[in-house]
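J.: Sequence:
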Amino acid sequence: MKIIAIIPSLNEADSIAFVTKTIDKGLRKISGNPKALIVNSDGGSTDKTSDVFLKTNTFFPKKVISYNGKKVGKGRNVFEVLKLYKNSADYFLMIDGDITSIKTDWASKLLSPLLNKEADLSVPIYKRNRYEGNTTNHFSSPLIYAFFGENIAQPIAGDFAFSKKMAKKIYESFSSDSDYGYGVDTLITWTALLNRFKIKQIRLGKKIHKPSFPKIVSMFGQVCFSTINLLGENRESVKKGLSSKKKQLSNMLEAIDDTYIKVPTTKKIVEVENIAYMLMKKQRISEVISGSKTTSCLNMDIWTDILCKHIDIVLKKRLKKKEKDELVESITAYYLLRVLGYFKEIEKLSAKEIDQLLIAQKQMLQEKVGKILSN
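Numbering follows the working numbering, with no gaps: position 89 of the sequence shown is 89.
By construction, these hints were calculated from the structure, which means they are not laboratory data.
Note that this is a predicted model, so its numbers are computed, not measured.
Watch out, some of these pointers could steer you wrong.
Unchecked claim - Label-pair restraints from in silico Cβ distances: (1) ARG28 <-> LEU319: 12 to 20 angstroms; (2) ILE275 <-> GLU118: 17 to 25 angstroms; (3) LYS70 <-> ARG235: 42 to 50 angstroms; (4) ASP90 <-> SER175: 39 to 47 angstroms; (5) LYS117 <-> SER374: 37 to 45 angstroms.
Claimed, not checked - PhoX-like cross-link-like pairs, simulated, lysine-lysine; straight-line CA separation at most 25 angstroms: (6) LYS70 <-> LYS55; (7) LYS239 <-> LYS210; (8) LYS282 <-> LYS240; (9) LYS169 <-> LYS198; (10) LYS267 <-> LYS348; (11) LYS268 <-> LYS103; (12) LYS2 <-> LYS71; (13) LYS71 <-> LYS239; (14) LYS215 <-> LYS169; (15) LYS198 <-> LYS267; (16) LYS239 <-> LYS282; (17) LYS348 <-> LYS321; (18) LYS206 <-> LYS103; (19) LYS55 <-> LYS35; (20) LYS2 <-> LYS127; (21) LYS164 <-> LYS239; (22) LYS198 <-> LYS86; (23) LYS165 <-> LYS198; (24) LYS70 <-> LYS2; (25) LYS344 <-> LYS268; (26) LYS198 <-> LYS262; (27) LYS164 <-> LYS86; (28) LYS62 <-> LYS198; (29) LYS281 <-> LYS215; (30) LYS210 <-> LYS83; (31) LYS63 <-> LYS206; (32) LYS168 <-> LYS206; (33) LYS317 <-> LYS240; (34) LYS109 <-> LYS63; (35) LYS168 <-> LYS83; (36) LYS206 <-> LYS70; (37) LYS321 <-> LYS127; (38) LYS240 <-> LYS368; (39) LYS267 <-> LYS71.
Cβ atoms here follow ideal geometry from the backbone N, Cα and C, with glycine treated the same way.
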């Protein structure tokens, strides 16, 4: 049994040693005396991340893969590892290099469902700051529920474990530039769903890492492009399987942490609002989305209406690259306004109430997606 532990990185010299040591300790606790290799796949760090990684004392051997060519990004880091090991390794563990809350048991918890043949992909459920995970909360998780009927709490959490057959499928599925960036997490989860691989969600506790809100625009744009690209390429199979996969939410996968609340700065919130309006003006959005009343902060009803109208375009027309780019910019503008609306809605809500709000949003989107497909 051979396990490849992947640590994608870009300028993580301040955290990669801790991540590496913790993964190493976790792998040693897995029964069966596995062979393991810890790989730092780096996308051109300038802070000597890989040097710190190699100097970190570990039981298992380590290897650095560096890439500075075209289409650089997190997805490229993953791609380069799969290119080398997709046929020789049995299991893959993927952990972001900036996590400061990683625990020793994360490795065994994520890998156990695979080792026990219960799943091909393990996805974490983290307790997170209520102001983080916005792409997950308002886009990725609701769309997966709408199309696949699966309530995956954090499908783009960044940390996964997957089997050899999953690794091969993921490697074969890379297509868009966004897949080589932040869109890779979407690619991984959607690949499992489209190929009907078994998915297991694992509770790992609190996730603390570098704040993602400052990167909200670039991250969402790449996740969004990978999502609509996958949806467009698989439109017929998705539509065909929608009715049979539709399920009611039977449980809430609580993910909001009331003990850790960190509010984005007013400056950053104003900046995000300004970007939203800039994109709306650039794209002449009223020509794409007609009849939608918008404000500076969107509620879930308006947001799900707008998202469905965009989805309808993807499902009915084979889009060219330029058209996809324009659609992504349009969705991004409204998404940013939805995030700002959500921030106002949750100010005085408890963690349980926020979880209920997010579940209601998923159900609303599922219902609206069903209606556009029946027309």
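J.: Report the numbers of all earlier hints that the structure fails to satisfy, in ascending order.
T.: Hints 1, 2, 3, 4, 6, 7, 8, 11, 12, 13, 14, 15, 16, 17, 20, 21, 24, 26, 28, 30, 31, 32, 36, 37 and 39 contradicted; others consistent.
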